[in-house]
Amino acid sequence: MTKLLTILLLYACTLPAHAVLDAGQIRQLAADDSTEKVAAIRLLTQTADPDAVRVLKAMAADSLFLAGDQAVIIDGDQAFDAASGVAVKMPGAPESITVNNRIRGELAGALAALKLFDAEREVRLASARELQSKVSPEMAPLLAKALEKESDPEITALLTLAHAQASLGHADPAVRLAAVKALAETTSPAIKSVLLPLTDKASEADDKVRYEAIAAIKAIDGRLALAENLGRVFSGLSLGSILLLGALGLAITYGVMGIINMAHGELLMVGAYSAYAMQSVFRAWLPDYIDWYLPAAIPVAFFAAALVGVVMERTVIRWLYGRTLETLLATWGLSLVLIQSARMLFGAQNVEVANPSWMSGGIELMPNLILPWNRIIIVGFALFVLLLVWLLMNKTRLGMFVRAVTQNRAMAGCVGVPTARIDTMAFALGAGIAGLGGVALSQISNVGPDMGQGYIVDSFMVVVVGGVGQLAGAVWAALGLGIFSKLLEGWAGAVIAKISILVAIIIFIQKRPQGIFALKGRFVDN
Amino acid sequence: MRQPLTLRILSALDTRSWLAIGVFLALALVLVPVLHLAVAEDSAFHLSTYFITLIGKIMCYALVAVAMDLIWGYGGILSLGHGLFFALGGYAFGMYLMRQIGRDGSYGADLPDFMVFLDWKEIPWFWSGSDSFGWVALLVVIVPALVAFVFGYFAFRSRIKGVYFSIITQALTYAAMLLFFRNETGFGGNNGFTDFKRVLGYSITSPETRLVLFGLTAVLLAVTLVFAAWLVKSKFGRVLTAIRDAESRVMFIGYNPLWYKLTIWVISAVICGIAGALYVPQVGIINPSEMSPANSIEIAIWVAVGGRGTLIGPIIGAFVVNLAKSWFTVSFPEYWLFFLGLLFIVVTLMLPQGLVGLWKKLMTQKQGGAA
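Protein chains in written order, with our numbering: chain A, 1 to 526; chain B, 1 to 371.
Just chain A, same shape as in the assembly (with noise of 0.2 Å):
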């Protein structure tokens, strides 16, 4: 069948255009030597005809024969002239033509670049993309026939640039200069480094085409540096959802209740865990979908870590309200307590969670910023969960009651609000949400019983510089604490940096105590 089909099509590509090679090229092919062969296939290729595709095909398939001085095409029980594509008496002894790796090699690039006068645009788009990586100086000739073919304007900026490389090593200096002036435009490190030749005087005689090479080195490192910076604000802002993920259930308990919950980033890893667990019932039952094992842990997770909220409430919160300090203790006993039972229950070392598939790879914005899938989907999720604390606190009957309690705990009781029912409950959603953020944890860092211990003074930095009892404040802070310290990472280290971030913290509480977004009003003592 496929036979069938290749020689209707190699009859369909040989019926409109006859006998256009040059037979004493064709017979070149045949050459002993493999240089010879290679030469005679570059320039067979700069013709950049669909018939010399055919040739370069057969000769690829080893179906290119030589019977005496003329080449020949042989299929089955056919045999055709390989340079004018007529079929022709079946030779009697046809001689083959060896065919090296080097050749193989050569014919691969030479197809390649033939497709670029292929009728479909996606095949014409492929092969552009793929000769960017493999460009020879022979191949400009064929580039230049092709540009001029092309009306894409996505294929015309890739083959501008292969051509502009392929032109580095043309005689002329003005034909050097252009190219390198195209060049100067592109945003990629391997262009740097083909560049990086020319700046010097031993390979690149012309100081006109060195000085434009310097510049364009500056040009493509400038932009370079733009797509880092890029890079670091978006890891900053993923960073920052992380920071928001993990601060958001301690706005609710610490910012809403008053209660330093020194076990909140235990209640991160329960969530954790539920997804490691969730993971592992996937596995275990429903191995077909474990690819969905995430989202079911997001509501898992949620009820898990609010369930262990509410233990803690109703045993050792309950009896702390209005004792700050005290709750500070209590709950970091609660968090050695918790992370113990860690341990025990799954084993004192790190866990391994997974990424399910569709969260990994990522988008490529520029040759060197590619936003990572798992990265993005976390930005996603810290907003989804920002908009359920919002619509909880300020659309529901149990966030008004929340806010009620909070402001006048007395008053919210005579007029029939369940106060202490309220105070599980809310403290148990600061919990659940803290469970949420576990999940995404999981996503990107080690799940483990001392997971929680990394996150608290962040989670803790958060809050403060937000300012207590501010959602806003929350979400500016995460997001400003995020991509500062990216920014700072990148040229201070990821140690300085984030000494640096706590000193930075110390100092602005100096000037504002009381966060971002301070209360406003006049206080004695609080």
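In case anyone wonders, no lab produced these hints; they're calculated from the structure.
Quick reminder that beta carbons are idealized off the backbone N, C-alpha and C, glycines included.
Treat the hints with care, since some could be wrong.
[Unchecked claim] Cβ-to-Cβ under 10 Å is the rule here; a few derived chain A residues that face chain B:
no.	residue
1	332
2	498
3	500
4	502
5	503
[Stated by the list, open to error] Chain A is nowhere near these chain B residues, computed Cβ spacing over 12 Å in every case:
no.	residue
6	126
7	233
8	367
With the hints as your guide, set chain B onto chain A.
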């Protein structure tokens, strides 16, 4: 009416407390050396090196607990960063101990081992003078004092207090821990300082040196306790307590709380630094984990367990918690965190005055029953 200083110091403690200190010092300076050196090793009364080291270590912790009580129990300021001052004192003295190793390190070089390992050619500038005991002894006091002064000045000036203060002190010690974990910082990275050989020319592992360090710690603990008792009884201490209870009112009367808080904060840091300096030669290692937030918050539990605002309570707390720790971590290693966690919870819920408060309550009940 001015009293001579001696009298004032004497009146800082009542007769019973003086008696207790006397008994404690007699035990530490006479009985322990005798039982350690003079009693045969197979005797039931022999005190092992392990025991001496353990008690010496806990006495250093008790010093920190007293320092914490000054700032928390009397100043009302909960610091979660006292581990930093402790470690700074430890590191300062550790520098001296590292230089005392001389060429006996595993590389046999003039530089401390970790510097050879990191391929450093000469001692960094901040290590200069570290081979002089006098200079290092000065650093032990000055470094924590300076850090505490700068941090405290800014924090107290803008009236950061309560939880905010606790959290930024925690951030401070956390930042310092990250800094010291780095090799480039010049303090041995995550391994810190260890493998000490000598102190002031004496072998650091010999029983005599250990006993001297032990005795020194005991004397220092007693002196610190008397000093603290005198301090809180003085006018300064009473203003401090007033600030703790109603800062604004104290301000309206005309005091500036800044200097009171700053003074006690720096004193507290210095005591911690000295405790750290005594701790390092006895335990034989100092590393950045001493600055972990968990360590600093554990100091608070010693104070809370014993009873804050009592000075003697924190010492009791430090002993109870740390003896329990060394027993638990050997016998039931997996339950230690449960125990410590429950201790945090139970003490805050049931014993707001700590063990000393419980004792006082029991005594008044007994007296009430007798009457």
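Hint-by-hint comparison with the structure:
1. 332: holds, 6 Å
2. 498: Interface hint status for residue 498 of chain A: holds (6 Å vs cutoff 10 Å).
3. 500: holds, 9 Å
4. 502: Result: holds, 4 Å to nearest chain B Cβ.
5. 503: Holds: closest Cβ of chain B sits about 7 Å from residue 503 of chain A, inside 10 Å.
6. 126: Non-interface label stands for residue 126 of chain B: nearest chain A Cβ at 17 Å, farther than 12 Å.
7. 233: Consistent with the label, residue 233 of chain B stays out of reach of chain A, its closest Cβ about 25 Å off (over 12 Å).
8. 367: holds, 29 Å
Checked against the numbered hints listed earlier, the structure breaks none of them; every hint is satisfied.
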